[in-house]
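Here is how the chains run, residue by residue.
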Amino acid sequence: MSVQDLHGLLNNIQRNPGIPLDLDWVDSIRINRSAVERRAATLPARRSVKKKNQVAWLLRAISCIDLTTLGGDDTPGNVQRLCAKAKRPVRSDLLETLGAESIGVRVGAVCVYHAMVSTAVKALAGSGIPVAAVAAGFPHGLSPFQQRVDEIKASVAAGASEIDIVITRAHVLTHDWRALYDEIAAFREACGEAHLKTILATGELGTLTNVGKASAVAMMAGADFIKTSTGKESVNATLPVGLVMVRQIRDYEAQTGFKVGYKPAGGIRTAKQSLDWLILMKEELGDAWVRNELFRIGASSLLSDIERQLDHAATGHYSAYNRHPMP
Amino acid sequence: MSILEIYEEMSYGTAPEGAEVAQKWLGDHGRTFGHFIGGRFVLAAEGKSFETLSPSTAKVLATLAQGTAQDVDAAVSAASVARQTWWELGGYPRGKFLYAIARQIQKHARLFAVLESLDNGKPIRETRDLDIPLVVRHFYHHAGWADAMETELPGGTPVGVCGQIIPWNFPLLMLAWKVAPALAMGNTVVLKPAEFTSLTALLFAEICDHVGLPPGVVNIVTGDGETGRLIVDHPGVDKIAFTGSTEVGRIIRKATAGTGKKLSLELGGKSPYIIFEDSDIDSAVEGLVDAIWFNQGQVCCAGSRLLIQESVADRVLAKVKARMGKLRVGDPLDKSIDIGAIVAPVQLERIAALVKQGVDEGADMFQPAWNCPSEGWFYPPTLLSNVSPSATVAQVEIFGPVLVAMTFRTHKEAVELANNTPYGLAASIWTESVNLAHDVASKLKAGTVWVNSTNLFDAASGFGGFRESGYGREGGKEGLVEYVRHPKSTRLGDDESAKIAALSHSIDRTHKLYVGGKQARPDSGYSLTINGQEFGRGNRKDVRNAVEAARSAQSGWAANSSHGRAQVMFYLAENLQTLGTESAVQSVFSVASRCDKMDGSAHSVPMRALCYTVNEPVGVIGIVCGDERPLNEFLELACGAIAMGNTVVVVASEANPLPAVEIYRILETSDIPSGVFNILTGLRKEMVPTLAEHEDVDAVWCFSPDVATEVERMSVSNLKQTWIGSGPQDIKTILGHATQVKNVWVPYGE
Chain A
52 MSVQDLHGLL NNIQRNPGIP LDLDWVDSIR INRSAVERRA ATLPARRSVK KKNQVAWLLR
112 AISCIDLTTL GGDDTPGNVQ RLCAKAKRPV RSDLLETLGA ESIGVRVGAV CVYHAMVSTA
172 VKALAGSGIP VAAVAAGFPH GLSPFQQRVD EIKASVAAGA SEIDIVITRA HVLTHDWRAL
232 YDEIAAFREA CGEAHLKTIL ATGELGTLTN VGKASAVAMM AGADFIKTST GKESVNATLP
292 VGLVMVRQIR DYEAQTGFKV GYKPAGGIRT AKQSLDWLIL MKEELGDAWV RNELFRIGAS
352 SLLSDIERQL DHAATGHYSA YNRHPMP
Chain B
70 MSILEIYEEM SYGTAPEGAE VAQKWLGDHG RTFGHFIGGR FVLAAEGKSF ETLSPSTAKV
130 LATLAQGTAQ DVDAAVSAAS VARQTWWELG GYPRGKFLYA IARQIQKHAR LFAVLESLDN
190 GKPIRETRDL DIPLVVRHFY HHAGWADAME TELPGGTPVG VCGQIIPWNF PLLMLAWKVA
250 PALAMGNTVV LKPAEFTSLT ALLFAEICDH VGLPPGVVNI VTGDGETGRL IVDHPGVDKI
310 AFTGSTEVGR IIRKATAGTG KKLSLELGGK SPYIIFEDSD IDSAVEGLVD AIWFNQGQVC
370 CAGSRLLIQE SVADRVLAKV KARMGKLRVG DPLDKSIDIG AIVAPVQLER IAALVKQGVD
430 EGADMFQPAW NCPSEGWFYP PTLLSNVSPS ATVAQVEIFG PVLVAMTFRT HKEAVELANN
490 TPYGLAASIW TESVNLAHDV ASKLKAGTVW VNSTNLFDAA SGFGGFRESG YGREGGKEGL
550 VEYVRHPKST RLGDDESAKI AALSHSIDRT HKLYVGGKQA RPDSGYSLTI NGQEFGRGNR
610 KDVRNAVEAA RSAQSGWAAN SSHGRAQVMF YLAENLQTLG TESAVQSVFS VASRCDKMDG
670 SAHSVPMRAL CYTVNEPVGV IGIVCGDERP LNEFLELACG AIAMGNTVVV VASEANPLPA
730 VEIYRILETS DIPSGVFNIL TGLRKEMVPT LAEHEDVDAV WCFSPDVATE VERMSVSNLK
790 QTWIGSGPQD IKTILGHATQ VKNVWVPYGE
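Keeping their order, the protein sequence lines are chains A and B. Reading the first sequence from the start, the letters are residues 52 to 378 in this note's numbering. Reading the second sequence from the start, the letters are residues 70 to 819 in this note's numbering.
Rather than coming from a laboratory, the hints here were simulated on the basis of the structure. A portion of the hints provided could be inaccurate.
Derived coverage of chain A by chain B (criterion: at least 3 residues anywhere in the stretch with Cβ under 8 Å from a Cβ of chain B; other residues may be distant) [as the list claims (entries may be wrong)]:
#	segment
1	79-90
2	98-111
Below, in silico cross-link-like pairs of lysine-lysine (DSS-like), each with a Cα-Cα straight-line distance of 25 Å or less [what the hints assert, rightly or not]:
#	chain 1	residue 1	chain 2	residue 2
3	B	K512	B	K546
4	B	K93	B	K128
5	B	K395	B	K425
6	B	K395	A	K101
7	B	K557	B	K801
8	B	K512	A	K102
9	A	K103	B	K395
10	A	K136	A	K103
11	A	K323	B	K395
12	A	K173	A	K204
13	B	K93	B	K176
14	A	K323	A	K173
Remember, predicted model here, so these are calculated numbers, not experimental data. Here a beta-carbon is modelled for each residue, glycine too, at the ideal position from N, C-alpha and C.
Build out the structure end to end from the sequences listed, making use of the hints.
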C-alpha cells in the first residue's frame, strides 16, 4: 500500500457506532496468561529500530502522546505551560539538525481534568491540538451515574473534543456485562461528537481474561478508543495487557469492520518503551494503528526522555534533562 | 529514505548486529582450522579439507579439516588415555571444569551468537536469546550433576569414550546436550560437528583449552558423514550419541549392532500442534511462529502438523495467514528478522520439491505476498492446508518453514491423528480446559508434550523421542542414564527350574504355545523334543498372532491403575507358590510391589510452569530368554515389563522351555487379561527375526547372545528399542527398560 493510499484510508476512518451486546462472543473469549506474557516478552526482542528509523519512530511516538497533567494541584499556569510544550515538543534546532522540521511534530492531545479544559482549549487555540478531558468520576468511577453523564456533557460543552471515561470495575468483576455495556453506551451518547476513550483500569480487573472481555464489551458499546489505565492504579499499562486489548480490537474489526483506537496510559516513561508499544501496534494491528487517529500514549514524563534520545541522535552525545525545555 | 518518508511509512529499516569480532576471530585463525585432539589444534593427518559457507551470502567463511581414519584414531586414543584420570578426578573437580566452561561461554556469549548465526544462517535473535543461553544453562546444570553424581547415582561409573555426532540445526546447543552430561558423568568424548556448521564447536574447543580441561577429555574432529562413520565404527568407542535424521539413525543402529556399544538416538519428527476450540486462539497462532518458523522450521521437534478443531478451523487459518504476512525473512544478522537462511542448497531443494509435491497431491498453498532476498538460500513461510493424513507432506519430515494443516472433529480424533505417524518426538496442545489438556497429554505418543506452549527446553528436562524419533533422553536425571553404567545386580541365579524339570508325569503331556490368553497349537504343526518332552515349534505366524494379541491388549492393560496391576501381579505371585519355587515367587512379588512406585517427578525448570515427568509403558515388548535361568529370568523380565503396563511376547528358553510352559496354568487362573502375557516355544532362529523386524513391536529385550546382533540389526525398520542383557538384572534396571519418559510442560497463571 502506498503512502497516499494509506492517507486516503485514514481520512476515511469510520467512527465505531457500536453493535448490540453479543454475550456469546464475550463468553467465547479465552486468554492464556503465560502465552500472552511470552509473546509480550519476546516482541520487543524481535524488532529493533535504529538510527534514522529510530528518529522517525520517536517523532511518531511524540505525535501519539496525550500529554497529560492530572494533579490535584493543577493550576491554569502549569496547564498553559503544558500546552505550550504540546505545540513545540522538541527544540527546533534539534529538529533542524535531524532534518525533521517539515514533519511539524506536535503531540496528539493535551489531557486534563474538567476544571482545566477551558484553559487548555484557549491555550491550544489555532494549533489543531485537541483537548481531552478525563470524566465520569475519574479515577474511581463511583460517583452517581447522572453526575458522571453530566460531567461528560460539561467537558464537551467546555470544548473538550475527546473524553476519557472510567468504567465501573465492579461490573467487570461481577461479570455484569449488560450493566457495563449500558453504562458505556450512555457515556458514548453523552459525548455526542466528542470521541470516547474508555478506560478499563486493567490493573483492577483481576485477570487478563476480564481485560479481554471488558475490551470487547466496551467496543460493542461504541468506544472510539479503549484505554488501559487512569495512571492511578498500582499496575498501569503493561505489554501483556496491551497485547490482550489490541487482539480484541483486531477481532472487533474482523467481525464488524470498525477500527477502534488504543491508548496505553501510565508507566510509559522511556523512549524505548514508546518504541516497544509502536512495535506492538504495528505487528499485531497494522500500520493504521501507529498514527494518532488510532493510537495514543497517555504520558507526562515520556516526552522528556524522547527529547534526550533525539538529542543523542542529532549530536552523538548522551544528553541531560536540563538541556530540554520543561513543560 | 528521508526521516519524513520513514515517519510516513513507519518502516523498520535495518538493524544489523556487527560481525567484526567474529570475523576477526576467523581472521586470527587464517580462516583455516584443524581438529582439536588431545588438547591442541592439529592439522588434518592427510591434509584433506573442505569449505564452510555462510548460508545468507553463500560466501566462504573458513576452510576446515576433513577427518580421516588417522584423525579419528588419534582422537579416540586421546580420549581413551584421558578417561581414567578424568573419572578419578572426582565429581567436584569435574563440576568445577563444567562450571568454568559455562562461565566462559557466558562471557563470550555474543561472539558465539554471531558466529553461529553466520555459519548456520539462523537469526541472531535466536542464537542470542535462545541457543547460547540454553547452552550456558546446560553446562551450569551439569556442573551440578558432576558434583551430585556420587550421591544421586550411587555406584554408577562412566561408559567410557563417547562418540558424539551432532546436526547443523542447533550446532552449539546440540554439542552442549552431548558434551555436558558425558563429561559430568566422567566420560571423555570425540565429537563431530556437522560439516555445514563446525565453527562454534571449534570456538568451544578454545574454551576447553582456556579453562585447562585435561587434554583428551574433549576432542573435536570435523568432517562429513564419512568421518561420522569412522567414529561409529571405531572399536575404541564405547557409546555413540547421535542427533540427526532417522535415515542416518538407522545406519548407525545397524553399524553398531552386536558391538556392545551403547547407543542413544535423537531423530526426526512430524510433531502435531493441536488447537482445540476452547483455546486462546491468538496465542495458539502466535505459538505456531515458535513451532514451525523457529530456526526456519529446521527443528526436529517443529510443530509441523497443525491439527485444528473443525469448529474454529476457518478462523484459525485466517489468523495464521495474517500472522505469516507479518513475518520477516532476510539477513540473519539483522535484529528485526524472524526467519533467516536455509542451511544449504540441498535442503532448499528438498523443501521446494516437497512443497511442490504437496500441491500436486491437492494441498492449498499459501505464502505471504512479499519476496525473499535473492542472494543466499531463503525459503518463505508456507502453509499447506486442506491436507489429508495420506498426503506425502503430512507424513514426511520437511525440515523447513512449511506447515501442513488438517482438521479434526473430537478430541479422540485429534489424538488418533496426532499419533498416526511413525514418529513420536513432541506435541503441542492448546486448550483452556485442564481436563482436556491432561487427558490428551497422557494419550499422545511423544517424549515431550507442551500444553499452551511450544518448543520449551531446559537442561533439567529430558528431551527425546518415542518410536522412530529415537531413544535415550538429553537433559535432566533421565538423560544422565545414557552416560552411566550401573553396578551389576547381586540377584541370585535360580535352581528351581531344575525342580520343575524333574517333575514327572505318568500321562503324556501336550505343551502348546500361550497366545491371547489361550493355549494354542503351533501353526507349523510340528513339535520339538527337548529333554524327552515335546514342545510346540513356534514360527513366524505364531509370532504374528502373539504380537497382535499383545497389541490389542496393550492400551487396556496400561489404562488399568497401577494399584490394579499390582493386585494382579501379587495374585500371580500367590499362585506361583504352587510350583514350589520360592525365588521365582519372590521376584514376582517384588515386581508387584513396584507397580505403583515408578513415580514420575516434577522438574525444576526456570519458568512459571509445571514440568512433570511420567514413566510410561513402552508398549509391546518382545523378550528373548537365555538358557541360563529358564524360570527366573523369564519371570523377572516378563513380569517387570507387564508390571509397568506393557504387554509381552516372550520367546522361552530354547534349551529348557518347560518352566515357562508350566506357567500357562497359573496364568490361566490369574487375573492377567488375555493377550498381556504371550509365550512362545521353539527355535529362536525361527522366531526372533520376525519379532525383531515386526513394526508393531516397540522393544525387544534379548538375553540370548546367539541372536543379539541380529536383534539389534533388525530393529532398524521401526527403530524399536533394544536391550541386550545377560545374567540377573537389578529390578530398577528392568523397570527402567520397561518405561519411557514423557515430559509434560504446563505453563500456568491466570
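**Request:** Below or equal to 25 Å on CA atoms is what counts here, so check K103 (chain A) against K395 (chain B).
**Result:** This hinted pair holds, its Cα atoms lying about 22 Å apart.
Query raised in the report: Is K395 (chain B) close enough to K425 (chain B), meaning Cα to Cα at most 25 Å?
Result: holds (24 Å)
Exercise. Holds or violated: K323 (chain A) with K173 (chain A), Cα cutoff 25 Å?
Worked result: Roughly 33 Å between the alpha carbons, so the hint for K323 (chain A) and K173 (chain A) is violated.
Q | 8 Å C-beta test of the segment 79-90 of chain A against chain B, three or more residues | A | Holds, because 10 residues of the segment 79-90 of chain A bring their Cβ atoms closer than 8 Å to Cβ atoms of chain B.
Inset, instruction - Take a quick look at whether K323 (chain A) and K395 (chain B) sit within 25 Å of each other, Cα to Cα. - result: Satisfied, since the Cα-Cα distance of roughly 21 Å is no more than 25 Å.
Is the straight-line distance between the alpha-carbon of K512 (chain B) and that of K546 (chain B) 25 Å or less? Satisfied, since the Cα-Cα distance of roughly 24 Å is no more than 25 Å.
query: Straight-line Cα separation of K136 (chain A) and K103 (chain A) no greater than 25 Å?
result: holds (24 Å)
- Could you grab the alpha-carbon distance between K93 (chain B) and K128 (chain B) and see if it respects the 25 Å cut-off? holds (16 Å)
| message | Run the distance test for K173 (chain A) versus K204 (chain A): straight-line Cα separation, threshold 25 Å. | response | Judged against 25 Å, a Cα distance of about 19 Å means the pair holds.
| message | Does K801 (chain B) sit within 25 Å of K557 (chain B), going by the straight-line distance between their CA atoms? | response | holds (11 Å)
Quiz prompt | Restraint status (C-alpha distance of K512 (chain B) to K102 (chain A) at most 25 Å) | solution = violated (52 Å)
Query - Within 8 Å of chain B's CB atoms, at least three CB atoms from the segment 98-111 of chain A: coverage verdict - result: holds (count 12)
The structure is inconsistent with the numbered hints 8 and 14, although it conforms to all the rest.
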